[in-house]
Amino acid sequence: VTARLASIAGEWISRERTLAFSFEGETYTGYEGDVVSSALWANGLRVLGRSYKYHRPRGIMSLADHDVNVLASDGVHINIRCDVTPLREAMKLRAVNTLAGVRRDWLRVLDRFSALAPVGFDSKAFPKPTWASRAFEAVFRNLSGLGRIDLERPRERIRKEHASCDVLVVGAGPAGLAAGVAAAESGASVWIVDENARAGGSLGYARGGDDLRLRELSRLLERAAKFERLELRVGTTAAGYYADHHIPLVAADRTTKLRARAVVIASGALEQPAVFGNNDLPGVMLGSAAQRLIYHYAVKPMQRAVVLTANSEGYRVALDLMRAGVKVAAIADLRPDAAAADAAAKTQLAAAGVPLLQGYGIREAIGRRERVVAAVLTPAASGGKPQRFACDGIVVSVGFAPNASLLHQAAARFEYSEALQQYVPLETPAGVFAAGRVNGVFDLASELADGERAGLEAAAHLGLRDKTPSDSRSLRAARTDSPTHSFPIAPSGRAKCFVDFDRDVLLEDIEGAIESGFDSVELMKRYARLGVGPSQGKHSMPNAVRVLARARGLRVREVGTPTARPFYQPVPLAHLAGLDAHPIRRTALHTRHEAASARFFRAGDWLRPEYYAQPAVAAVVSIREEVHSVRSGVGLIDVGTLGKLELFGADAAELLERVYTGRFQNLAIGRTRYALALDEAGVVVDDGVIARLGGEHFYVTTTTGASSNVYRELLRHNQLWKLDVGIVNTTGSRAAINLAGPLARRVLATLTDLDLSQAAFQYLGAREAQIAGAPAWILRVGFVGELGYEIHTPSDRAGAVWDALLIAGAEHGIRPFGVEAQRLLRLEKGHLIIGQDTDGLTNPFEAGLGWAVRMEKQFFVGQRSLRLLQKRPLKQQLVGFTLRADEAELPEPCCLAIDGSRITGRITSLGWSDAVQSHIGLAYLEPAAAKLGARFSVRNPRGNLVEAQVTQAPFYDPEHARQRVTDAAADGRVAA
Amino acid sequence: MIDAPRSSPVPSLSRAVVRKAVMHGMTVPVELEADARSSELPALITDASCLPRAGVKGPNAAAWLTSQGVQLPAANHWRYHDELRIARLGRSEFLLEAAAHGSRVAQLKAVLAPAAGLYPVLRQDAVIWLAGPAAASVLRQLVTFDFTCLPAGDDAVLLTQLGGVSATLLWQPAATGRCYSIYCDASYGSYLWTTLLALVAAEGGAAVSFDALAPTALASATAPSDESNPTVSES
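If you read the protein sequences in the order shown, they are chains A and B.
Quick note: the first sequence, position 318, residue 318 per our numbering, numbers continuous.
Quick note: the second sequence, position 235, residue 235 per our numbering, numbers continuous.
I should point out that these hints are in silico values taken from the structure, not numbers from a laboratory.
Ideal Cβ positions, reconstructed from N, Cα and C, are used throughout, including at glycine.
Some clues are possibly wrong.
[Claimed, not checked] The calculated label-pair distances, taken between Cβ atoms and stated as ranges, are:
id	chain 1	residue 1	chain 2	residue 2	range
1	B	P59	A	G463	37 to 45 Å
2	A	R155	B	A113	47 to 55 Å
3	A	T966	B	S103	40 to 48 Å
4	B	S39	A	R155	32 to 40 Å
5	B	R91	A	A681	30 to 38 Å
All chains, please: the whole structure from these sequences, using the hints.
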């Protein structure tokens, strides 16, 4: 059976190319230009999908992207919207949410038990305990829903791009095209976007039995084509409105983030369904859907139709049906009297012998074998005898809702027009204009005029022409009859009356929600799951609001509408993810680490080596070997992620004195000093080393994570205090390598002419030198507790320096060590890590950093708070601790110290130390519990208590003897 | 002591490299597989990080540069002069970049030392040149800025976010569209190169050698021949 019509002017299909595809395992054909639904309908199929909850049969309803009756999966993509998805050769589709296929779906039996699952049942019926509730949830999730997610689905990379224009017009219907042309004629660059596959909107399909509107569309498109700077993009949805006219435009293959200087919203109006018994049966469709089938796809919607209308559009639909060869069995007009505008159409229909039942509605669609076979018409007012008309389709044209989501998101103000039975914009934000049906203008000539007005206003807003006062009131008034019925809802005694087709929400569900007290639009929406499906209430909310208003004895305007948020249409996650480009910083030595089998981890934006893997060697063993090489020989670590700032100028020392807690005015040239930074509350926020390279030249290192913040704060304070300081951030342009271990000096000495003797280059010294032919600053540091040289060199030379150090150290067994080894080495030394051993409340006294705070200074950031804190007893104190060497159930950092039922502290660091032959760690404890030798309990992740003992830190080399190594020992002339 | 060799912050394209050479101390590909098709490619990128650069900032930076004979552009603009590309980043900060075979940057660095109101800036940028008719399409995917609002010959300096990374962009007219010079922090060089290369490839383009794109990117510079240039040697 084919329902394909003979060629029709303006059809979207190309009959030269036939496409074969399968649906539910059966093979069909369609034409290029078809959407999946039109091709299926043309092949005589009527049950194209199953509903979300009751598994009711569903067919075409809007044939636009406004309902989800027909969703399919092709095995890769789920929830394909068949009403708008172009047909492609060899598609293999199956309807979603069925058991044994869409025709036999065994779960359709649920429709008979709907009384057991009324609205809100899932909130009330799921029992405790929690496991039972979860079991119920799993069952219901399997019985209802949409497509199944394929976790193995390959990653799609969708193009995401930026663009800009003077005027964006949303909607390429008559008003949108007229607006775009008017703006372009004024000299603006214009984008017109439309979610449909072709431009024209209702001009292409709502023809009323002739092709006059199609010719108007051709004229508009010809005018638009004359402008080079007018871009028309179809198949593109304006998905949301964001500040400053920033609009995401979503197409199948890309997302365009468009910045416009003005926006015209001409998004039209969405035709709305009527509510009556079995209004979801396949064959019941909107008038615009029937017209789209006829004129876009040349498909006969049905053989014999009953038309339910309440406006002029319904009569035009009837004429279009007749033109397509459909027998119109009857027209039921909800209005007691037809409008004068319909007289001509009525005459034509009467001449064709079509019965017109004025003041009638449809009570129920009668179905057999899951499709419409008759319609029962009853007088809209009480009384009167029902009449039954045999038909295989019911066409509904009872009204519209403005497609005003973007206007709401743009914070436009609306008023409810009783004359139009819809909200119309009262005031729009600067640069935002409404035109056409979304603006309450319905008559075609008026729509064109309104579009032109909006386009000219947008151009005037941009200064391209003079502003002239204009508004749409007179254009709205051109339509004398309301295009929308005030209450197209007829309860049926026995059959289900659907208000929300996405989630199978019935008229009685809404009434039940209101009776249960969910009687505001926002509450009702959430309780009844109304408008929360993929259609986002496009076809359900207006009728639900009418039901709510009538139940509460209010007017529609008093009930209000739910908040409209982006996105207007669901946007695939692949579109949101885009190219999946996430900025990651790599040090200048990254390729060296890769070659050395480093295992990387993310440290803020950076990738850092956690450790260097060895074949068939466990990570923990590799890490211990790296530690051992530093303690016994020499190792090197890439510390290029440290923040690295240069400060120049007469006030550089003054700025550092004010930002850091220590003294820097008296720091000698060629010396370094530990630097601690606080916030205004006295909380530790960063630490590092400051080297004085010249009288007015300082070099500052920061922690990896805080470099941007410290740089920003230094810039801010420099400006605030009007100091003479130039600040240069060299974090990314300077590499840093820490060469550490008792043999470090021997390795370094082979690569530099610098005098490395203790006398010439003491601990905490800073020198400028050439290392392996590269300019470098060398800082003598002791973070890991061994003789250490931090080499700072331009990043383009870092690879050469690293290679030279490895070659020079080869005879001493040099090896690179990662961050895990460094963490353990510094823990043995009792050095804390900001952010790990401190948190967002830690002050320096608690962290044992009081020695680095010079309270006698006139001022530093956080000093006032510390003065207050000094007067109060400490709440907690950072201490070292050890666990039994054979402790089996180890705690982890962040585990709590417990005393009875009280929390007395928490662990911040923990690790096994070969040097100490014990588990060592740092912990915050209440001062009373922090006495040296005191024992305390820690609850491990399994919930068991582990005993720990407060121990003196540093655990390793407490006398700092490793930094005072003699020249003879450092040079290898005697044992270290 | 011999100068340490330099490395680019941009990942190497070892599989596509036909020939390498040392340029300004950095080993760079001077011939890539795609070079032969470069005039047909819709989009081309190359790593130009090898060019020597220097930075100087401070209230006295402009005066110092002028005293060195450097002709300065207006704020947020750039120009070529004396084998030197000078980009003025704001009012008192300058980026100096040598022309392909120029030694002017080295001369200036040799005499540049911190002084009152004059601060040297270590410039280790990853520098990527992007050209070809589809270059604008590539950039549209990473930059919000609307390049069409400025003419191809505009000598503006654009400080912007490119793919989420702070970057400086300059451009100049090329045979087909524009040739963009993109400067970013060296630590983001690998990320930005990889991202750009994927987008260029999606447009049907490819990475080409420095030499294949340099005549376009440095059209305004006067470069001596290789024979007289001691900074280039085959490897």
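Checked hints:
1. P59(B) x G463(A): 37 to 45 Å: Hint holds: Cβ distance 38 Å, inside 37 to 45 Å.
2. R155(A) x A113(B): 47 to 55 Å: holds, 52 Å
3. T966(A) x S103(B): 40 to 48 Å: holds, 47 Å
4. S39(B) x R155(A): 32 to 40 Å: holds, 34 Å
5. R91(B) x A681(A): 30 to 38 Å: At roughly 36 Å between Cβ atoms, A681(A) and R91(B) fall inside 30 to 38 Å, so the hint holds.
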